[in-house]
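As a plain string of letters, each chain reads:
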Amino acid sequence: MIFSVSESVQDTLISSKINSGGESDWIMHHVLDSHEFDFAPFGSIPLPHISLFGLDISITKHVVFLWIVAVLLIIAFKIAANAYKKSLVPHGFTNFMEVMIIFVRDDIAKPTIGKGYEKFLPYLLTVFFFILFSNFLGLVPNGSTITSNISVTATLAIIAFIVIQGGGMMKNGVFGYFRGLIPGGVPAWLLPIMFIVEILGLFTKPFALAVRLFANMTAGHIIIFSLIGLIFILKTFYVAPVSVAFALFIYLLEILVALIQAYIFTMLTALFIGMAVHQEH
Amino acid sequence: MAEILNLALLAFSGGGESSGGLLDVNPGLIFWVLVTFVFLMIVLTKIAWKPILASLDEREALIKDSLDSAEKAQKEAEKLLKKNEANLAKAEEQAQKVIAQGREYAEKVKSQMLEESKSEAARMIKEATAQIERKNQEAFNKLKDQVAEIAIEAAEKIIRENLDKEKQTKLIDKYLKDLNKN
Numbered sequence: 001m002i003f004s005v006s007e008s009v010q011d012t013l014i015s016s017k018i019n020s021g022g023e024s025d026w027i028m029h030h031v032l033d034s035h036e037f038d039f040a041p042f043g044s045i046p047l048p049h050i051s052l053f054g055l056d057i058s059i060t061k062h063v064v065f066l067w068i069v070a071v072l073l074i075i076a077f078k079i080a081a082n083a084y085k086k087s088l089v090p091h092g093f094t095n096f097m098e099v100m101i102i103f104v105r106d107d108i109a110k111p112t113i114g115k116g117y118e119k120f121l122p123y124l125l126t127v128f129f130f131i132l133f134s135n136f137l138g139l140v141p142n143g144s145t146i147t148s149n150i151s152v153t154a155t156l157a158i159i160a161f162i163v164i165q166g167g168g169m170m171k172n173g174v175f176g177y178f179r180g181l182i183p184g185g186v187p188a189w190l191l192p193i194m195f196i197v198e199i200l201g202l203f204t205k206p207f208a209l210a211v212r213l214f215a216n217m218t219a220g221h222i223i224i225f226s227l228i229g230l231i232f233i234l235k236t237f238y239v240a241p242v243s244v245a246f247a248l249f250i251y252l253l254e255i256l257v258a259l260i261q262a263y264i265f266t267m268l269t270a271l272f273i274g275m276a277v278h279q280e281h
Numbered sequence: 001m002a003e004i005l006n007l008a009l010l011a012f013s014g015g016g017e018s019s020g021g022l023l024d025v026n027p028g029l030i031f032w033v034l035v036t037f038v039f040l041m042i043v044l045t046k047i048a049w050k051p052i053l054a055s056l057d058e059r060e061a062l063i064k065d066s067l068d069s070a071e072k073a074q075k076e077a078e079k080l081l082k083k084n085e086a087n088l089a090k091a092e093e094q095a096q097k098v099i100a101q102g103r104e105y106a107e108k109v110k111s112q113m114l115e116e117s118k119s120e121a122a123r124m125i126k127e128a129t130a131q132i133e134r135k136n137q138e139a140f141n142k143l144k145d146q147v148a149e150i151a152i153e154a155a156e157k158i159i160r161e162n163l164d165k166e167k168q169t170k171l172i173d174k175y176l177k178d179l180n181k182n
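Quick mapping for you: the protein sequence lines, in order, are chains A and B. For the first sequence, our numbering assigns the number 1 to the initial residue and increments by one for each residue that follows. For the second sequence, our numbering assigns the number 1 to the initial residue and increments by one for each residue that follows.
Bound-form chain A, shown alone (with noise of 0.2 angstroms):
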């Protein structure tokens, strides 16, 4: 009886999934993550299952993109780093890497983080740009967003809460650190519920770094569809001029807020990071 209360439950999801398809499909279809790799307008290719330990580890869409992320990075950062071997006076691309590395060390590790920046810079700068090419990627034509997936956010979000815990931890001591937690003077009949609600605090927190990122990526992409799916629901050309020329306002507002999201992923970070190492503040 219990099995075919869970068989029902997916029954009824797949149902509902089937029936709820109708216009909105096609952008969902951008949107989320799949086993084929498109190459629209010469087809797809279809992309490997594979599970491991009873874990669904399939190659997907968003798979791909992660690495062809990480390659882009690697190779580009080898690029910078080589320049900087020839002369230390950058030039051209390494230079552009340059200002983007200075910034996140001065204008983020080093105001946020305070002293013992320098350990988690290296942590700072892989999310940084991490996230900055992953929602560039995005941006290319028949390129997919990794961050507008949940998973994706969730495991950067995670990532942050064990470096943020840890840097407390290996600053004050894990005792140290919890004790740290709760403010000073605060009357002994509150430490309960205190502490109960610092601990809270620190979930919410990468909860909400994964949120917003999730929701800022997703959101640029499913109103640019939108807009370019007036003219296919409306049936009508005449639309189409103020859906490209809203499209493209939306598309610019995107590469903003691929930079902003970006920035702001690893602000918060190092600033959680600063306020778990140093407690006193």
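Hints are not guaranteed to be accurate.
[Said to hold, decoys possible] Simulated pairs of lysine-lysine, DSSO-like, Cα-Cα distance not exceeding 27 angstroms: (1) A:Lys119 / A:Lys78; (2) B:Lys75 / B:Lys64; (3) B:Lys50 / A:Lys171; (4) A:Lys110 / A:Lys85; (5) A:Lys115 / B:Lys75; (6) A:Lys110 / B:Lys126; (7) B:Lys46 / A:Lys110; (8) B:Lys165 / B:Lys144; (9) A:Lys235 / A:Lys205; (10) B:Lys72 / B:Lys83; (11) A:Lys86 / B:Lys50; (12) A:Lys119 / B:Lys64; (13) B:Lys46 / A:Lys78; (14) B:Lys50 / A:Lys85; (15) A:Lys119 / B:Lys46; (16) A:Lys110 / A:Lys235; (17) A:Lys110 / B:Lys64; (18) A:Lys61 / A:Lys78; (19) A:Lys115 / B:Lys50; (20) A:Lys115 / B:Lys177; (21) B:Lys64 / A:Lys85; (22) A:Lys61 / A:Lys119; (23) A:Lys171 / B:Lys110; (24) A:Lys78 / B:Lys50; (25) B:Lys64 / A:Lys86; (26) A:Lys86 / B:Lys46; (27) B:Lys126 / B:Lys110; (28) A:Lys171 / A:Lys205; (29) B:Lys50 / A:Lys119; (30) A:Lys85 / B:Lys126.
These are calculated hints, taken from the structure and not from any lab test.
Position chain B relative to chain A; hints supplied.
Below, chain B without anything else, positioned relative to chain A:
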């Protein structure tokens, strides 16, 4: 128990593999992101962040050093300039002193020479005066002699005219006496 787990999985994945929900969590993707991100962080730290940050630090140190040394050099130059100025002032002062000394010396020499020539002139004048005086005396003496001679001659003439015999003899006698005495 297994059923509850299954339900939880359903709630999370929104209906298994065939699902397409926006908020679906795909454990496989989480796994790949985790692996890729950690790998990426390790690789990038090794090939990029460490060398690039080291280069940045090195360059910053270089710039700071250059600025420091430039500042030091400027300070040194300023010190040198000040020293030069002081030297120049000293030299000027010395030159002024030398000129003053020279002027003073010249003044002294001048006044000395003036004094000398003055005294010389005075001496010469004195000498000339003395000579004139002497010559005057001489001329006066000569004149006196001449006058005496003339007077004697005149007297002689007069006497010769007025001398009588008696008187003459008397005179001759006297002369003779005088001659004898001599």
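We went through each hint and held it up to the structure:
The hinted pair formed by A:Lys119 and A:Lys78 meets the criterion: a straight-line CA distance of about 21 angstroms does not exceed 27 angstroms. Between the alpha carbons of B:Lys75 and B:Lys64 the distance comes to roughly 16 angstroms, so the proposed pair stays at or under 27 angstroms and holds. Proximity of B:Lys50 to A:Lys171 is assessed by CA-CA distance (about 22 angstroms); at most 27 angstroms being required, the pair is judged to hold. Annotation: proposed proximity of A:Lys110 to A:Lys85 holds, straight-line Cα distance about 26 angstroms (limit 27 angstroms).
Under the criterion of a C-alpha separation no larger than 27 angstroms, the hint pairing A:Lys115 with B:Lys75 is inconsistent with the structure, at around 34 angstroms. The suggested pairing of A:Lys110 with B:Lys126 is violated, with an alpha-carbon distance near 107 angstroms, which exceeds 27 angstroms. Distance check on the hinted pair: B:Lys46 and A:Lys110 sit about 21 angstroms apart at the alpha-carbon level, within 27 angstroms; holds. Our distance criterion of 27 angstroms between C-alpha atoms is broken by B:Lys165 and B:Lys144, whose separation comes to about 33 angstroms.
For the suggested pair A:Lys235 and A:Lys205, the alpha carbons sit about 45 angstroms apart, so the restraint of at most 27 angstroms is broken. The hinted pair formed by B:Lys72 and B:Lys83 meets the criterion: a straight-line CA distance of about 16 angstroms does not exceed 27 angstroms. Proximity of A:Lys86 to B:Lys50 is assessed by CA-CA distance (about 16 angstroms); at most 27 angstroms being required, the pair is judged to hold. Using a Cα cut-off of 27 angstroms, the hinted pair A:Lys119 and B:Lys64 holds, with the two alpha carbons roughly 24 angstroms apart.
Only pairs whose Cα atoms come within 27 angstroms are accepted, and B:Lys46 paired with A:Lys78 is accepted, the gap being roughly 10 angstroms. Taken as a hint, the B:Lys50 and A:Lys85 pair is honoured in the structure, with Cα atoms around 13 angstroms apart against an allowance of 27 angstroms. The hinted pair formed by A:Lys119 and B:Lys46 meets the criterion: a straight-line CA distance of about 14 angstroms does not exceed 27 angstroms. Note on A:Lys110 and A:Lys235: the hinted pairing is violated, with a Cα-Cα distance of about 54 angstroms set against a maximum of 27 angstroms.
The straight-line distance between the Cα atoms of A:Lys110 and B:Lys64 is roughly 19 angstroms, inside the 27 angstroms bound, and the hint therefore holds. A threshold of 27 angstroms between alpha carbons decides the hint, and for A:Lys61 with A:Lys78 the separation of about 26 angstroms falls inside it, so the pair holds. Simply put, A:Lys115 and B:Lys50 have alpha-carbon atoms about 18 angstroms apart, close enough for the 27 angstroms limit, and the pair holds. Proposed proximity of A:Lys115 and B:Lys177 is contradicted: the alpha carbons are some 156 angstroms apart, above 27 angstroms.
At most 27 angstroms may separate the alpha-carbon atoms for a hinted pair to count; B:Lys64 and A:Lys85 meet this at roughly 20 angstroms. Proposed proximity of A:Lys61 and A:Lys119 is contradicted: the alpha carbons are some 34 angstroms apart, above 27 angstroms. With a C-alpha separation of about 94 angstroms, the suggested pair A:Lys171 and B:Lys110 falls outside the 27 angstroms cut-off, and the hint is violated. Distance restraint check for A:Lys78 and B:Lys50: the Cα-Cα separation of roughly 12 angstroms lies within the 27 angstroms cut-off, and the hinted pair is therefore satisfied.
Between B:Lys64 and A:Lys86 the CA atoms are separated by roughly 21 angstroms; this keeps the pair inside 27 angstroms, and the hint holds. Taking the CA atoms of A:Lys86 and B:Lys46, the gap is near 18 angstroms; set against the 27 angstroms cutoff, the hint holds. Between B:Lys126 and B:Lys110, the direct Cα distance comes to roughly 24 angstroms. Compliance with the 27 angstroms bound is thereby established for this hinted pair. Of the supplied pair hints, the one linking A:Lys171 and A:Lys205 holds, its CA atoms being roughly 20 angstroms apart against a limit of 27 angstroms.
Note on B:Lys50 and A:Lys119: the hinted pairing holds, with a Cα-Cα distance of about 11 angstroms set against a maximum of 27 angstroms. Restraint check for A:Lys85 and B:Lys126: not satisfied, since their Cα atoms lie roughly 106 angstroms apart, outside the 27 angstroms limit.
In terms of the numbered hints stated before, the structure departs from hints 5, 6, 8, 9, 16, 20, 22, 23 and 30, listed from lowest to highest.
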